[in-house]
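Chains as they are written, first to last, in the working numbering: chain A, 1 to 220; chain B, 1001 to 1537; chain C, 2001 to 2118.
For the record, the hints were derived by calculation from the structure and aren't laboratory data. In this text, a Cβ means the ideal position worked out from N, Cα and C, and glycines have one as well. Mixed in with the good hints, there may be bad ones.
[To be verified] In silico SDA-like pairs for lysine to any residue, Cα to Cα no more than 20 Å straight-line:
#1 Lys1113(B) / Asp19(A)
#2 Lys2026(C) / Arg70(A)
#3 Lys1113(B) / Arg219(A)
#4 Lys2026(C) / Glu62(A)
#5 Lys1113(B) / Ala12(A)
#6 Lys2026(C) / Leu69(A)
#7 Lys1113(B) / Ile1020(B)
#8 Lys2026(C) / Ala11(A)
#9 Lys1107(B) / Ala11(A)
#10 Lys1344(B) / Asp1530(B)
#11 Lys1113(B) / Arg189(A)
#12 Lys1107(B) / Arg97(A)
#13 Lys1107(B) / Pro13(A)
#14 Lys1113(B) / Thr73(A)
#15 Lys2026(C) / Pro57(A)
#16 Lys2026(C) / Thr21(A)
#17 Lys1107(B) / Asp19(A)
#18 Lys1107(B) / Met196(A)
#19 Lys1113(B) / Glu62(A)
#20 Lys1113(B) / Leu1482(B)
#21 Lys2026(C) / Ala12(A)
#22 Lys1113(B) / Met1059(B)
#23 Lys1113(B) / Arg70(A)
#24 Lys1107(B) / Thr65(A)
#25 Lys1493(B) / Ile1476(B)
#26 Lys1107(B) / Leu20(A)
#27 Lys1342(B) / Asp1532(B)
#28 Lys1537(B) / Gly1504(B)
#29 Lys2026(C) / Arg219(A)
#30 Lys1113(B) / Met196(A)
#31 Lys1107(B) / His1516(B)
[Said to hold, decoys possible] Not the full set, but computed from the structure, chain C residues with beta-carbon under 10 Å of chain A:
#32 Gly2033
#33 Ala2058
#34 Gly2090
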Amino acid sequence: MTTTPSTTSKAAPDEQFDDLTQQRQADLMGMWIFLATELMLFGGIFTGFTVYRFAYPEVFAEAATHLDLRLGTLNTALLVTSSLFMALAERAANAERRRLTLIFLIVTISIGVVFLGIKGYEWHHEYTENLMPILGLEFEYPGAHPDRAEMFFNFYYVLTGLHAVHMSIGLGMLSVLVVFTLRWRDPPRLGRQIQMNGLYWAFVDVVWVFIFTTLYLLRA
Amino acid sequence: MSEAAANQASESYLTSGWKIRDWLLTTDHKRVAWLYTISITAFFFLGGLAALVIRLELMTPDGDVVSADAYNQLFTIHGVVMVWFFLIPSIPNTLGNFLLPLMVGAKDLAFPKLNLISWYIYTVGGLFTIAAVITSGVDTGWTFYTPYSTQYADRAVVAALIGIFVVGFSSIATGINFIVTTHKMRAPGLTWFRLPLFVWANYATSLVMVLATPVLSATLILLLLERVLGIGIFDPALGGDPILFQHLFWFYSHPAVYIMILPGMGVVSELITCFSRKTVFGYHGMALSILAISVFGFLVWGHHMFVSGQSLYAGLMFSLFSFFVALPSAIKTFNWTATLYKGKLIFSAVMIYALSFVGLFTIGGFTGIFLASLAVDVHVHDTYFVVAHFHYIMVGSMVTAYIGGLHFWWPKMTGRMYPEIWAKVAALALFIGFNLTFFPQYLMGYAGMPRRYQTYPEDFQILHVMSSLGAGVLAIGYLLPLVYLLWSLRWGKRAPPNPWRAAGLEWRTDSPPPKHNFLEPQTVTGPPYDYDTIDNK
Amino acid sequence: MKDVRAPVLAWGAYLIVLGASVAATKLTSGLMGHVFSLICAAILASLILTFFMGLRAADNLLRVFALAGLMWLTIMVVLTMMDYVMRDIGECPNAQADEVATNASGCPLDSARAADNP
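Next comes chain A alone, as it looks inside the complex (with noise of 0.2 Å):
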């Protein structure tokens, strides 16, 4: 079996696989469904935000406006681009053009890349000004109730943090991507690629959409 030339074809499926289409069709819907669970993961920790929301709006409310408006919303349009990139870049790859799919890709990740930057740079202006309750460093809040707004505090770090994890989960799996479209080789397998992983670039980016407005938005 293993000799015979048309299991070595590119256009050939995975072994478990009828054919092509059924293999793309699983692939899909494989990924559909993990998008699923992390929309659940971070549903968890929205829940218990959503439950402290309603018990302490007014604190809540107050708390937000500690946060940088500006730097959040160029960060959610920044978010944004890199996303239009993303979906550029796998038709790019569909179209079998390679400079062009390189460029798009390397751009989605210098957009990641600045995301991040900002997001570490709102951070360390937040430790300057002592709101960053963690590790036991001194949490001082000039509002009313400092405890509660500690709590909220708290779930922007959870919130911004886990996301930030999955984009640097979301930029090492591009710059893989990169390092497939400087090879070549297979370019209808790495549009399927590009593919999958766009799905889980832009879902990142809807994450954020609901981080910013419910932390940043929501504000007195």
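Starting from the structure of chain A, add chains B and C where the hints point.
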């Protein structure tokens, strides 16, 4: 195809390659199923050992075998190991892994590599937790309730949480694999309502795994962050609510009960119909009630929290929803019974396991209705009544179904028959031992014996001694199969492709099956469980 | 390369809605602004889902899965809130448990921090 290639294709999956890497790097779902079987068996006996020491301690009212601290660690080990490292992966990852592709007529699962990776994740996470729990000890119970777990419990809580967090990914991977396989890899003609109920059950289980497990991951992340980084989401000093932890925890852990029991229901449906030589009564109702249980299972978690301090309104609603789960469960129980009615019953060992399941599940289910009733639960909450209830479901039903299924498909998995006489002895020992262990616990629980206590008033001693003796009998019921099944691997009679004259695609191929399951692509033309046609042939 | 227009247009629409959402937060305060922002978030998310994640072209099954995830999240939030709308968590947890020792702020001891009662 050359003759050599044809021989290679028809070679059994068991004989093709016995180097270490042929097993540890295999992507064959049948071999991964064996890897899982070995792992969960090890975890099962470890958890069982902890239970035996607990039962030994409870022979007398005083704490004389282990210290109070050791006792707390023992029930934590027992709970953590049995829930996460045995019950959750038990049927899906062993029988399900082996049978799902065979039953849908596929060559393998949709993502074979993911399947292998899930075993590694599971094993590494499991061993890590065990090492942590045994070397430095955790005494939170398997539920890790806050604020005890975040602010008071010391030692290995963090390590245990990390291990359980990691194992969660193996559940998710298995869930994704099963759902996609069921949707996309069915043989031609195998429509949804021709699927075996075992496939339905594993499909529904996978849905629960995929939707619930991430919430456990999120909850464990929050616990870890609170312990390690001091980001206190459940910290009352910051206006946090420790009960929120219970909400999130039970959002996973109640559906997890259905992860445990649904595959057992699937197994028993196969067993009963085969040994009644009759098609399943109300097939559509059975399939849909499996789905209904998996959905309703998400609406009832608050019945674990009736006395936690949640609002009375929530308690009432969760109580109401909990009664709804009884409906599909009752449909299933009635349908199994109706399947038996006027069937040509064969009381083989497998059938004894299946009938034990129905009986024990009925008792466990009925007492579940007691516990779903708000007022009654306030009386029996945190007593041995609860302990007995969930052991009837999770051990009496689930483990019995697992062992019954293991016997039923043993010829298919190994190509060998097991000794029927010994299997019957083991099945009876299990049924008798189980009831002797856990029925007294209903009585003492109703009389007020609280759970998780090392010492107790002397009035309870008779019931406790009965329970401990029963545990000994039960241990025989579990150890016997281990011995004779291993024995049969070498000395058992060789099995024909279909020793039980059962319906289902898995019986159409050799025992044990070739690497790609079937030599020719399979098609399905009729309904499932067509035993009239099989017997009249 | 086909179908580049749609994602670019979606990107433009996204930025406009985002701008509206932020502007609403700055201009109005209170509940109406918050509701508006949340609606905007839903629009932004569906723009990404539809145009960048190909849900527009996807088969129905995938949409069902996407929807199922959303529905389960709703179940979790709604049933959890079912408890919290009827209960003030600002009060001591376990407030029903009477006749237990309390700390300085009157809360039962098992809900106080370890540091508070050495």
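Each hint, compared with the structure:
1. Lys1113(B) / Asp19(A): Given that 20 Å is the threshold and the Cα spacing comes to 18 Å, the pair holds.
2. Lys2026(C) / Arg70(A): Measuring from Cα to Cα gives roughly 11 Å; hence the hint holds.
3. Lys1113(B) / Arg219(A): Measuring from Cα to Cα gives roughly 47 Å; hence the hint is violated.
4. Lys2026(C) / Glu62(A): Holds - the C-alpha atoms of glutamate 62(A) and lysine 2026(C) are around 14 Å apart, at most 20 Å.
5. Lys1113(B) / Ala12(A): It holds: about 18 Å lies between the C-alpha atoms, which stays within 20 Å.
6. Lys2026(C) / Leu69(A): 10 Å, holds
7. Lys1113(B) / Ile1020(B): Measuring from Cα to Cα gives roughly 17 Å; hence the hint holds.
8. Lys2026(C) / Ala11(A): Given that 20 Å is the threshold and the Cα spacing comes to 55 Å, the pair is violated.
9. Lys1107(B) / Ala11(A): 19 Å, holds
10. Lys1344(B) / Asp1530(B): 14 Å, holds
11. Lys1113(B) / Arg189(A): 18 Å, holds
12. Lys1107(B) / Arg97(A): 35 Å, violated
13. Lys1107(B) / Pro13(A): 13 Å, holds
14. Lys1113(B) / Thr73(A): Measuring from Cα to Cα gives roughly 41 Å; hence the hint is violated.
15. Lys2026(C) / Pro57(A): Given that 20 Å is the threshold and the Cα spacing comes to 18 Å, the pair holds.
16. Lys2026(C) / Thr21(A): 50 Å, violated
17. Lys1107(B) / Asp19(A): Measuring from Cα to Cα gives roughly 12 Å; hence the hint holds.
18. Lys1107(B) / Met196(A): 24 Å, violated
19. Lys1113(B) / Glu62(A): 49 Å, violated
20. Lys1113(B) / Leu1482(B): 29 Å, violated
21. Lys2026(C) / Ala12(A): 56 Å, violated
22. Lys1113(B) / Met1059(B): 48 Å, violated
23. Lys1113(B) / Arg70(A): Distance ~45 Å between lysine 1113(B) and arginine 70(A) Cα, so the pair is violated.
24. Lys1107(B) / Thr65(A): 57 Å, violated
25. Lys1493(B) / Ile1476(B): 24 Å, violated
26. Lys1107(B) / Leu20(A): Status holds; Cα separation ~15 Å.
27. Lys1342(B) / Asp1532(B): 13 Å, holds
28. Lys1537(B) / Gly1504(B): Between lysine 1537(B) and glycine 1504(B) the Cα gap is close to 16 Å, so the pair holds against 20 Å.
29. Lys2026(C) / Arg219(A): Between lysine 2026(C) and arginine 219(A) the Cα gap is close to 9 Å, so the pair holds against 20 Å.
30. Lys1113(B) / Met196(A): 17 Å, holds
31. Lys1107(B) / His1516(B): The hint holds at about 5 Å.
32. Gly2033: With Cβ-Cβ at 8 Å, under 10 Å, it holds.
33. Ala2058: 8 Å, holds
34. Gly2090: 7 Å, holds
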